[in-house]
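Between the sequences and the hints, there should be enough to build the whole structure, so can you do that?
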Amino acid sequence: MLCVVKICKYSPPGAISNTVELRKGRVGQTTEARFNCMSLKMGKTGILLLIVCACCSAERQYFPQGNESTWEEARSHCQICYKELVSLTSDNIQLIAKDLTSDYWIGLRKDVNSSLPWSWWSNGDPLTFQNWYPGQPKQVEEKPPVQQSNACKLQLGDFCRNDINITEYSDLEGNVCILQVEDMCMNITNNTTEVTPSLSTPLILRNFTEEEEEKEKLCVSLLRSGLWFEKNCTELLPYICYEDRFYGDASVSNVTLHTMTINWMAGPGDIDLYRVEVRGDMSLTKNTTNLTLDFGNLTAGTEYRVQVFPVKCERDLNPQNVSFYTFADSIINLTVKNVTNESVCLSWVKPAGNHGFYTVNVVDHSTRNTSEETICIEKLRPGQNYTIAVNAEVEDPSRKGEPSTVLTTTKPSEVRNLTVHKVTEDSIILTWEKPVGNACCYRVVVKDEKNTTIFNTITHKTNFTVGNLTAGTKFCLSVVAIARLMPNESAEGEAKTVMSYTKPRPVPSLNLMATSDKISATWNPPDGNFDFYEVILKNGTGETLPNYVTEMNYTFGNLNSAVKYTVSIRTVVDQGSLKSDSVSGSKFTFPEKPENLKVFNTSKTSISLEWEIPPKLKDSNASFEIKYNSSFWNHTYCTQTKGKSLTLSGLRSGTKYMFELRTLAGNLTSNPISTTCSTEPVKTTLILTIQCSSKAPLSCEKPEVKKSALDKLKAIVKKTLSDQIYSKLNWRKK
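Residue numbers for the sequence shown follow UniProt numbering, beginning at 1 and rising by one.
Some hints here could point you the wrong way.
As the list claims (entries may be wrong) - Simulated restraints, written as ranges between beta carbons of each label pair:
#, residue 1, residue 2, range
1, Asn456, Thr367, 35 to 43 Å
2, His635, Phe532, 54 to 62 Å
3, Asp99, Phe357, 12 to 20 Å
These are computed hints drawn from the structure, not numbers from a lab. C-beta: ideal position from N, C-alpha, C; glycine also.
Here it is, written out as structure tokens:
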């Protein structure tokens, strides 16, 4: 007989893996023990299966069952009345576990559909998620080995090495034995404890009886904490079933004013019956085992909502829903109530039953919807015959009622598209289009706001200029079409009217005054009428919101210094819709002087200056002017910059310079700030010889005489050079 040795790396309880086997030798009879081993090929297959299941999963519903049963009884009940015992994943475990009140059977059994324990759910899904109670599932405890006379000796070091590569083996016939090397492999593959097996110690293989081969049937219960615990499958526990939500499809056919037929899809599994509920202006409920049902005595133009509930194990499944309308009935007593040059007004009595609205169709013209039993149809052609059809409608356009019709004729109409083409300060130009039908000329009437007629004339053109009007004044302008019925008779249609203002006049003058942060504007009023003034302030970055005033002055405050602002003013009428031409003026705010002028670097030929820009100058485009001079050399220079520092080069060494800094804005300059600084000197030694003569012998050698002479010389040099040129005098011994 053969001995089967499993070469494995230790995996924690519950881990999913495959097995690699090595067959060696012949020993006594044994039963097979299992260990978890790695298999790259099977691992890839498992991943693919998980992806496919994730893509094809349906919406699941979960149903806890209170009747305690064995695992097999629970599964049988779930398969009959639902789909299966529940399968747990990382997505649904929290949803299911939060309402648990007891321990429940779930669809996991140790030996379902596979020789690998705890690897498949009862519905065929692979086990991809585990949540075992500590110490679960229990490992099979091996009994002490019984030494046999025909034991085989194997070197464990060869089997427990990490680099062993066993990929194939042949089938065994007859009895086989399994070497119990789990503990040794576990210790050898542990990362923290190094174990060196003895290569000379033999392994003792034992025989197993047939009773020992019979395994206990173990299933998994879900504890109320959400953890898994293995139990004997014959224990009585409540259980949780699941079912994929059923989505069917119902439809209606043979719909009339008062009847219809409903059809639907068959439900999943063994359906006891279908309960059909109809809700609308009445409620109907019928039970049937068929997939179709007829209904009568319905109300015309009414919406009905139908639900078909498959009933399974005295439980309603998700209903199949459909809504529909019966046909609307015809309206009653359609009548023409009023006719004008471009409109017809109708009325009627609503139909029997219900309806949603009415459709009014003017043949070869237009179609309108209304919810009222009256309607006025406008914008018709004058003097023309019309056929008008009215029918009741519901929300389903295929269920409209039979139409009722009437014939009528319109009167002559008014002019079309009367428009104020242009307005000026003293005139309004009108344009319009000829009306549909006969028109020979037009009457133009103009009235002021007091409804006094100030102009009434007839023209044969489709435009007219009304002149000699007051600026900024509102006028009512009407145009009436005149039709010749006979040589000596005419008829006038309805007047078409528009309202218009003449354009207001602009202000005659605008004056601006500026400070460093304000601009004040003043102006004189124009001739004619106006409502108020619109005053706008603009700068280089944007435009302020318009300000509306009735006074003749306005001050803009909190402005930036040294910024050019433009003030525009217009007169306004008709709530701001008509404005005069703009009158504008520009002004710089007075520039503020810079601050803290100081020298931060000097050399023999250059001086570097820096200063601070006041906050109100930071958003301006102002530049800075620097004037500097040397009074000794009688040199004066000037330069400009937009920055806040500057290095002045090309200076004379050892010379004192005066600096003045100003802000420039347009032709305005700020008050200056100033400072002085000297360049570093290039020292040159000049030797002066002073001849001293005295009546007293050796008087010139006295220290006080030397000091007096040096002081007088220093005074002469200082007077000549002042403090503009660096100098230093000392006595030098020969």
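Hints, verified against the model:
Judged by the Cβ atoms, the range 35 to 43 Å given for Asn456 and Thr367 holds: they are separated by roughly 41 Å. Range check, His635 to Phe532: about 60 Å between beta-carbon atoms, so the 54 to 62 Å window is met. In this structure the supplied range 12 to 20 Å is violated for Asp99 paired with Phe357, their Cβ-Cβ distance being about 49 Å.
When held up to the earlier numbered hints, the structure conflicts with hint 3 and nothing else.
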